[in-house]
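Colleague: Model the full assembly from the supplied sequences, consistent with the hints where possible.
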Amino acid sequence: MIETKNLTKSYGGIRAVDDLSFRVEPGQVLGFLGPNGAGKSTSMKMIAGFLTPTLGSVNVCGFDTEAQPLEAKRVVGYLPEGAPAYGEMTPLSFLRFVGEIRGLSTALLKKRIDEIVGQLHLENVLDQPIEQLSKGFKRRVGIAQAIIHDPRVLIMDEPTDGLDPNQKQEVRDLISGMSKDKIIVVSTHILEEVESVCNRAIIIARGKLLADATPAELAMRSRYYQAVTIRSDQPELLRDALHGVAGVAEVEIDARDQSVTALPKKGQTIFAAIGEMIRARGLSIRDMALERGRLDEVFRTITQGGRS
Amino acid sequence: MNPVRIIFKRELSSFFNTPVAWVFLVIFLFLAGFTTFQIGNFYDANQASLQVFFNFHIWLYLLLMPAIAMRTWAEERNTGSIELLLTLPITLWQAVLGKFLAAWAFAGIALIGTFPIWFTVSFLGDPDHGVIIAGYLGSWLLAGAFLAVSGCMSAITKSQVVAFVLSVVVCLMLILLGFPAALDFFQAFLPQALVDAIASLSLFSHYQSMMKGVIDLRDLIYYGLLGGLFLYATSLIIEIKKGN
Chain L
1 MIETKNLTKS YGGIRAVDDL SFRVEPGQVL GFLGPNGAGK STSMKMIAGF LTPTLGSVNV
61 CGFDTEAQPL EAKRVVGYLP EGAPAYGEMT PLSFLRFVGE IRGLSTALLK KRIDEIVGQL
121 HLENVLDQPI EQLSKGFKRR VGIAQAIIHD PRVLIMDEPT DGLDPNQKQE VRDLISGMSK
181 DKIIVVSTHI LEEVESVCNR AIIIARGKLL ADATPAELAM RSRYYQAVTI RSDQPELLRD
241 ALHGVAGVAE VEIDARDQSV TALPKKGQTI FAAIGEMIRA RGLSIRDMAL ERGRLDEVFR
301 TITQGGRS
Chain C
1001 MNPVRIIFKR ELSSFFNTPV AWVFLVIFLF LAGFTTFQIG NFYDANQASL QVFFNFHIWL
1061 YLLLMPAIAM RTWAEERNTG SIELLLTLPI TLWQAVLGKF LAAWAFAGIA LIGTFPIWFT
1121 VSFLGDPDHG VIIAGYLGSW LLAGAFLAVS GCMSAITKSQ VVAFVLSVVV CLMLILLGFP
1181 AALDFFQAFL PQALVDAIAS LSLFSHYQSM MKGVIDLRDL IYYGLLGGLF LYATSLIIEI
1241 KKGN
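As you go down the protein sequences, you meet chains L and C in turn. The numbers in the numbering used here rise by one with no breaks, and the one at position 137 of the first sequence is 137. Whatever position you read off the second sequence (first residue = 1), add 1000 for the numbering used here.
Hints may be right or wrong, so weigh each one.
As the list claims (entries may be wrong) - Here are the simulated lysine to any residue pairs, SDA-like style, with alpha carbons at most 25 Å apart:
no. : chain 1 : residue 1 : chain 2 : residue 2
1   : C       : K1242     : L       : D114
2   : C       : K1009     : L       : T106
3   : C       : K1009     : L       : D114
4   : C       : K1158     : L       : R15
5   : C       : K1242     : L       : N6
Stated by the list, open to error - A few chain C residues facing chain L, derived, Cβ under 8 Å:
no. : residue
6   : N1017
7   : L1086
8   : T1087
9   : G1243
Unchecked claim - Now the stretches of chain C that chain L is said to cover, found in silico as 3 or more residues with beta-carbon under 8 Å:
no. : region
10  : 1003 to 1014
11  : 1069 to 1081
12  : 1088 to 1094
No lab work stands behind these hints: they were computed from the structure. The C-beta atom is built at its ideal place from N, Cα and C for all residues, glycine as well.
Modeller: So this is what it looks like as structure tokens:
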């Protein structure tokens, strides 16, 4: 369990994190969303016990990070932003160092290193200095040190930043694979990642908590939730026809691929009605899709202070 | 294993994993020999003692100890690895102590590298080994004091160069406090008791007495307090600045 109460961090009068209160339970993968400079990293640094809150408190698995810092740090694994490490060390010596400090016995440490090296495909780089590794490997070494002690709480600041699509997918699979009995908090600004990995999302901007919901619930706030997107060879004709369907609020034509999107009035469904209209009029279309809502649009609306 | 030991081990081996350590050892051994034999005219003095050799250490250390310690914290903050270090289940004090002890041990290894000069003087004459041992101990304590100061300066900045320059300046001031010129300056407007107090803060006077073979408890306490003070200051500075 992670619980933050009125968590606040000020730097010279500016509140980087402002009165943040939330609770995360085991099994939850919490996505921390927000524009750059929103206070995501600062919040994570406080949860990981690196920074001391100006006001408020963080409780990790029953340990207050200020009153019992060592106990709290023991149950947490933390990947700082950019996955810093000691560049002159090799992944093997680095993992041994972290494992020893975390109090793993020699036998257990060896077993864990074997497991993690396999999981993260580090076999071929174990004896090269970390500073000579590619960005993808450096990131994986950072993840490896964070999970070496099989922590109950895993906090990762932008774990997939700078990785190629295959590597991103591997890291996401790894996170999903670990999520059953752990609390995982990941920050990201890639919205598709939230949908594929997280079962809960928190949006913060200017240090304040603006939304706390499942990705599906967030998507429901989108103007595009239950919207219907159709591709056709005659977009203008289709647009005019869609305006006549009951429940349609607006119709947009995408300038890029000429697809036509009909947005429903709040709370209405229009998919079936549009289907009937097309059949009745005998319009030719290429395909037609029901939208689940666009997270990026929700994210923009929420963080830029508009309606949410 | 104790966290201080684990950090000590990591730091010490990281010295030897970078070329800096080897360059440092070569420069130190070369300069220690050069100052003793060329500038100090070791042979002409015709004395079976290492007085000349130890005389120069304070000036060698003035440049070399800041060079050892400059990366201690500046690099951690610059690369962000400090975030990793301080979210491990250790106290800040354990990290400060482990890093300091590693640097100090490294200085000790460099000193051990100068033992051939001890053998030389033993071969050529009949030196007082007690005085030489006290000299080595004093030299090592002096190195520790400089490293504590330099480590503290390294905590102030992310730039190793700035850390180096600050360390040299502060160490130089700690030496010069004991020089007549500085004391005359203070004498102009301070009572004698305070001037004496300032003089007793100087690294120079405490080093001088140990070089002569006198191991005085007061000198040991002085080094202990000075080192402890700067290590404590280091932990305070890191606590304040780590978030920036």
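Colleague: Going through the earlier hints one by one, which of them does the structure break, listed in rising order?
Modeller: Going through the list in order, the structure violates hint 1 alone and respects the others.
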